[in-house]
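Student: Residue strings, one per chain:
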Amino acid sequence: MKRYFLPILLLLSVLTACDDTLSSSLTRHTVSFAVNLPDEIEPESAINGRITFRNVSTGAETVGTPEETVTLIPGLYDFAYQATALLATGAETTLRFTRNSVNIRGDITLTVNPFSYIESNDLIIAEIFFAGTLNPSGISYSGDDYIKLYNNTDDVIYADGLALVESKFSTTQKYDYTPDIMDEAVTVDAIYVIPGSGCEHPVKPGEYLLLADTGIDHTRLNPYSFNLEHADFEWYDVSTSPAHLDIDSPTVPNLDKWYCYTHSYFMLHNRGFKAYGLARIAVEKDEYLRDYKYDYEYTVVTDAGSFPMSGTAYKIPNDWVVDMVNCSLKASYVWVVCAPMLDMGWTSCGEIDKDKDRFFHSVRRKLLYLNQYGNPVFKDTNNSTADFNRDCVASEIELAGSVMDATGTCCTCITYDGLTPIAQ
Amino acid sequence: MRLTIIILCLLATIACINAQSINETDTDAETDSIIFSLNIDLTEVVVTAKELTGLTSVSRIDRDAMRHLQPTSFADILELLPGNISKDPDMGSANSISLRETGTLNATGSASKNDDYDISSLGTLFVVDGAPINTDANMQSIGGIATDSNSPLYKRDITNRGVDMRTISTDNIESVEIVRGIPSSEYGNLTSGMVNIKRIRRATPFTARFKADEFSKLFSAGKGFAVHGGAHIINVDAGYLDSKVDPRDPMENYKRVTASVRANMRFDTNSVTARWNYGIDYSGSFDKAKVDPDLNYNKVDKFSNDYNRWGFSSELNMDLHSSVVISDIVWNMAASYERDLLRHIKQVSPARAAVAPTSMEECVHDGEYLLSEYLADYRCEGKPVTLFGKLKATGSAMVGATSHSYMGGMEWSMSKNYGHGQIYDLRRPLSAGWSTRPRDYSEIPASHTASFYLEDRIIIVVAEGSVELQPGVRATSLLSLDRRYAMAGKFYLDPRINLLWTLTPFNVGSRSATLTIGAGYGMTTRMPTADYLYPQSEYSDFTQLNYYNTVNPKELSKVSLRTYINDAANFDLRPARNIKYEMRTNLSVGTTRLSVTWFHERLNSGFRYSTIYLPYTYNKYDASAIDGATLTAPPDVGTLPFAVTTVLDGYRRVTNGSSIRKQGIEFQLTTPRLKPLATSLIVNGAWLRSTYSNSQMLYKTVSDVVGDVAVKDRYVGLYDSNDGRVNSQFNTNFMFDTQIPRWGLLLTTSVQCMWRVSTTRLRENSVPESYLSAETGELHPYDSNAVQTDPMLQYLVKYYSDELYKPYTVPTAVYVNLKATKQIGPKLRISAFVNRIVDYLPDYTRNGLVVRRSASPYFGMEINLSL
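Residue numbers (the working numbering), protein chains in the order written: chain C, 1180 to 1603; chain V, 11 to 877.
I should point out that these hints are in silico values taken from the structure, not numbers from a laboratory. Any given hint could turn out to be false.
[To be verified] Within a straight-line C-alpha distance of at most 16 Å, the following computed EDC-like cross-link-like pairs (lysine to aspartate or glutamate) qualify:
1) Lys1464/C / Asp718/V
2) Lys1436/C / Asp718/V
3) Lys564/V / Asp1396/C
4) Lys165/V / Asp100/V
5) Lys1472/C / Asp733/V
6) Lys710/V / Asp733/V
7) Lys165/V / Glu262/V
8) Lys1353/C / Asp1534/C
9) Lys1472/C / Asp714/V
10) Lys816/V / Asp1482/C
11) Lys630/V / Asp1416/C
Let's have the full structure, built from the sequences with the hints guiding it.
Tutor: Encoded structure:
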């Protein structure tokens, strides 16, 4: 019997050896393009066309021209098109188009509907501080999130009626939501509107407007936080559950809550999985809430079955949108949740999900130059990847000189955009 | 790496074999017949569970089988029951038992814990040396809060779940009988089945065992002394287990300490032979879980759950030589005392305006803002005391051609918790969403259970075969129960009958064969535990005013809360009752044995916490007029404008709302040992089908919001619907049992095949039978007229996708487990095992997705000394 042990043992070790079941067949698919130029552009005037496919999983880029075809291995791709064109006026314009998470599963012809770049004449989002701070013990504190708006123009802008919105869909999870309205509208789950009759809240050129979650002195609750009593507005939610109460600061006026998905309180997505935007809603509140509801359906496919799901949110037509900023994460990004004409890219704090480095940090718009009045002019090309600096110390922490990391170090430097210091 | 260790373990075992073979002059010249001849000192042993051929289906596991299995706790030996396959020890959770069922599964066929079906384990009686383990007064928990299913507290909560098998060491067990069928009327207060543990009570040499595996290290030692010329025996043993939930994580561990001293005395006189067994035991069980401060932002998060039990048990057995009617009297007594302490210390950082409700009474009161970080210190102190007494008399008589063995007796048991229960500062709760309150367990009344039973065993000899009939009845009642309970003063009768027909022996070829056919019917009853009888009150807190003063938040803020208290006790509660049927057959031809059992069990009154809805009224104050800058004291709610609001809200209440149906076929085949290979084959397995559902109507809320009003605040539907699943599984274990006594070698290869596991959700009813209205506080029938009274009611019709009801089947999984035991000389024995050294887990496709499966081996070694 004993003489069989060694062979049996060898046999067993072979049986438990590596099991290589992963076989990849690298079939390539051909992609061709159908470019529909805007009406004002003559077809022959569009030159230097360039297309880019970026593989969402691997990051590998494939470039080409729209006149030729490209071949790609199957997968999800972010597609971008860029060209220059001469307008009838003689001015040169940039044509752009993007589509996120194009699923290449076979040979296809991609329809490209480029648009020419439009300059903003309203307030823009200068900073989003969604991550919050940490308590001295290291536990996260979240009441101090805020969004900062900025007047990037040369004119006074009245903030009255401007709506702060949060996207319903997350940039880290994609389903085929039907009907697909992304070409016409942004789907939102929170709408907070700046009150006023139309000329109560002027924002001068080069001025900021601070919209805070809770406009109180947060250092009373968390010594590592900062004071937000000077916020211009706060979003406040009434809740009856003692476990989830919001604080209504008596010194900071509340935004007018039109709609919010939650029964407790609204806060910015703490890991930054959503898009935030500004919109001028062109109809009255009642009419809006009645007519702009969006019921959608999608299917969750698991191995237990394909489950039809449905949801309800509100839609903001793209024409009403003033600015959109998509936030996401390098490790989790799947798609941009608005039409490319509103935002073509995304920005982030932290690299991976639940990144501890994100606390105390915000996304801040890039400084282009200082104008003749010394006011910063920020970059706004409707591409958050290019327009924002990631992982910046939050501007309110800089201004307050408060704690900027988990070890309790105080901030000593004030910057325009998280990078360029303001000369004292 | 792992594979290397496994191979090393096996090589070590084989090396020893070789060493010994050489020593014992084993030369090539020896013939096979000599090699495989039996050694005089070492005989063959049974390494699996024996299916007994008695009146009901019982698996018996003896010391030898346990020794070869190398278990860490009692939970490991359940692998030997039909329908079970090997599982890794899970020392980070309470291990509760389930017999003859698949257990609750999730939508993809994996095991998932569901408190609604706790009766499965609660209804399995554990008896150690004649005394039951009574866990009814154990309430070590966090109290009324459904914590997250991954939290250390939730996983180790044993309240209402019976015995935690982690705490039972196997090292002093002589034999275990697991009664899967209809137990004798002698045993009660159970629904599912019973585990009868008999511990070692004989003179033994000093034995020591050291086991090490992936998760744990175990040490135990014991000795049995013969005193007074062998008339009396004293057994002493102790054991220690140190185990980690994950070997890479030193922060979470489980320790067990056991010690026992038992005496077995025998007195003979002319008229009576008395045997008195008594003993004292200690078992300690210590759970610790700590969050690594370097990995997590919670700097302090420590959990510990200590359990210390001291027990005394005694059994006096008097064999009356001269008596006519009664031949034997058995008197059992047992007492136990536990000191349990659950502690959770956690640093809490409340986000913004978290409020701690502090009122212990139903009233309007001011809540307190949790404005800064604090250290929450939660203690739960339990001191359950149990007492047990039992008197049994047996006798026998011949009436004509029938022989009768009759038995009667009575039993009483008591349990009471003298601990101070949940102790913590309400202003420093473990989490901001705290809604429960402290509770002193010593205020809960004691539970007394009394039972009486009668049973007769009739044997009629027919030809050369026989017919055995065992009718019995057991009556159980809860004593000293408040009159308001429907159970007060009532006796619940359990009729039970088992039949066994042994046919005239016949011959198959040259071998003699016997065939028996059996059938049984029985009712079993489990009384509710202390927690079910006297559940913790449920608190509903509503915020009437939430005013935060920015100038002086500590002094001038005000939160007004309205608190309601709901009594979670259900005076209509009944015991859980199970009806069991089974049919069995045993065929033995020579040494080949086959047994097949069909069973069907129906339990419709299992305990669960159901959510009940009620309307609650409170004032909603308007704080907008308060001028924070001029305040000198918190605002007076009496001066503020308010609106009276009524909403529906739910609380948990104990009900008999769970139903478990169990059906299945169990089988076991044992073949004779094949001489040239020294191997016998044991095949066992089962087909099981278990249906878990509710047995009463369910309240369900909808999440729709109409305008500003949440539908669930105003209306809640009562649905005649099923919230459960029907699960089935089919498995077969092939165990090749190779025994070469001459080499002192025992090698078993177990091929465990789980052919399929399937689960299907039961059909839900989307339309409510009736609805509860916040306005009236009453139930109204839900019909077309109802929807006309308020269009909001149409939202109560729920939607269930047909996809939910698709069956999900997990295809075949095959694992190979190896176990080897080697005797080296008379004093040393070493053993090693590897579970899942080979596995076959093919990928499968469900709904277009490929599901990949993997398994990792579990292995260990042990050394046994007997001096």
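Student: Does the structure break any of the earlier hints, and which numbers would those be?
Tutor: Per hint list: 5 and 8 violated.
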